[in-house]
Amino acid sequence: VVFNTPGANANAVKEQVILAMLLASRDYIGAVDWVKANADDADIAKSTEKAKKAFAGTEILGKKLGVIGLGAIGAMVANSAAALGMQVYGYDPYLSVNAAWSINRDVKHIVNVEDIYRECDYITIHV
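With the numbering used here applied, the sequence shown closes on residue 131, and no number is skipped along the way.
No wet-lab data here; the hints were simulated from the structure. Virtual Cβ for every residue (Gly too), placed ideally from N, Cα, C. Where hints are given, some of them may not hold.
Claimed, not checked - List of simulated lysine-lysine pairs, DSSO-like, C-alpha gap at most 30 angstroms:
(1) Lys56 / Lys67
(2) Lys68 / Lys56
(3) Lys50 / Lys40
(4) Lys67 / Lys54
(5) Lys54 / Lys40
(6) Lys67 / Lys112
(7) Lys50 / Lys68
(8) Lys56 / Lys40
(9) Lys112 / Lys68
(10) Lys57 / Lys67
(11) Lys68 / Lys40
To be verified - FRET-style restraints, in silico, Cβ to Cβ:
(12) Ala46 / Ala104: 57 to 67 angstroms
(13) Asp110 / Lys50: 42 to 52 angstroms
(14) Ala46 / Ile127: 41 to 51 angstroms
(15) Asn102 / Asn13: 47 to 57 angstroms
(16) Val36 / Asn102: 14 to 24 angstroms
(17) Thr9 / Ser106: 35 to 45 angstroms
(18) Lys54 / Arg122: 30 to 40 angstroms
(19) Gly75 / Asn42: 21 to 31 angstroms
(20) Ala55 / Ser100: 23 to 33 angstroms
(21) Tyr32 / Asp110: 37 to 47 angstroms
(22) Gly66 / Ala35: 48 to 58 angstroms
(23) Tyr121 / Ala46: 49 to 59 angstroms
(24) Lys112 / Asp31: 41 to 51 angstroms
(25) Leu23 / Gly66: 17 to 27 angstroms
Working from the sequences, and respecting the hints, build out all of it.
What follows is the structure, encoded as structure tokens:
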């Protein structure tokens, strides 16, 4: 759960958003549960080979992220996602020039939010 505490938790929220994308891309929780359930398996190497396909998922590298709202949190999410190799699209009709200076130049500015809905693999909203 995230609560509105302006300026106090922007980095923590950014980390939770990145975590949510990673969790959505692969079944990490299922993988941890599988390891716990099979920890005593004498032939775990063979079991792992059979089970690992269920947890393969996808990489976020190169995936498209749409960030709606580029305030403190949205800008941090956009910058972190760009650093992870994602193609980042940002939409914020109220973005100030000063706020724009804090956004990675690789983040593509979108003027129509519908483009984000149509093009992006992941969407995060910060309004």
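Going through the hints against the structure:
{"no.": "1", "hint": "Lys56 / Lys67", "result": "holds, 22 angstroms"}
{"no.": "2", "hint": "Lys68 / Lys56", "result": "holds, 26 angstroms"}
{"no.": "3", "hint": "Lys50 / Lys40", "result": "holds, 16 angstroms"}
{"no.": "4", "hint": "Lys67 / Lys54", "result": "holds, 28 angstroms"}
{"no.": "5", "hint": "Lys54 / Lys40", "result": "holds, 16 angstroms"}
{"no.": "6", "hint": "Lys67 / Lys112", "result": "holds, 14 angstroms"}
{"no.": "7", "hint": "Lys50 / Lys68", "result": "violated, 36 angstroms"}
{"no.": "8", "hint": "Lys56 / Lys40", "result": "holds, 14 angstroms"}
{"no.": "9", "hint": "Lys112 / Lys68", "result": "holds, 11 angstroms"}
{"no.": "10", "hint": "Lys57 / Lys67", "result": "holds, 21 angstroms"}
{"no.": "11", "hint": "Lys68 / Lys40", "result": "violated, 33 angstroms"}
{"no.": "12", "hint": "Ala46 / Ala104: 57 to 67 angstroms", "result": "holds, 59 angstroms"}
{"no.": "13", "hint": "Asp110 / Lys50: 42 to 52 angstroms", "result": "holds, 44 angstroms"}
{"no.": "14", "hint": "Ala46 / Ile127: 41 to 51 angstroms", "result": "holds, 45 angstroms"}
{"no.": "15", "hint": "Asn102 / Asn13: 47 to 57 angstroms", "result": "violated, 21 angstroms"}
{"no.": "16", "hint": "Val36 / Asn102: 14 to 24 angstroms", "result": "violated, 42 angstroms"}
{"no.": "17", "hint": "Thr9 / Ser106: 35 to 45 angstroms", "result": "violated, 20 angstroms"}
{"no.": "18", "hint": "Lys54 / Arg122: 30 to 40 angstroms", "result": "holds, 39 angstroms"}
{"no.": "19", "hint": "Gly75 / Asn42: 21 to 31 angstroms", "result": "violated, 44 angstroms"}
{"no.": "20", "hint": "Ala55 / Ser100: 23 to 33 angstroms", "result": "violated, 50 angstroms"}
{"no.": "21", "hint": "Tyr32 / Asp110: 37 to 47 angstroms", "result": "violated, 27 angstroms"}
{"no.": "22", "hint": "Gly66 / Ala35: 48 to 58 angstroms", "result": "violated, 22 angstroms"}
{"no.": "23", "hint": "Tyr121 / Ala46: 49 to 59 angstroms", "result": "holds, 50 angstroms"}
{"no.": "24", "hint": "Lys112 / Asp31: 41 to 51 angstroms", "result": "violated, 30 angstroms"}
{"no.": "25", "hint": "Leu23 / Gly66: 17 to 27 angstroms", "result": "holds, 19 angstroms"}
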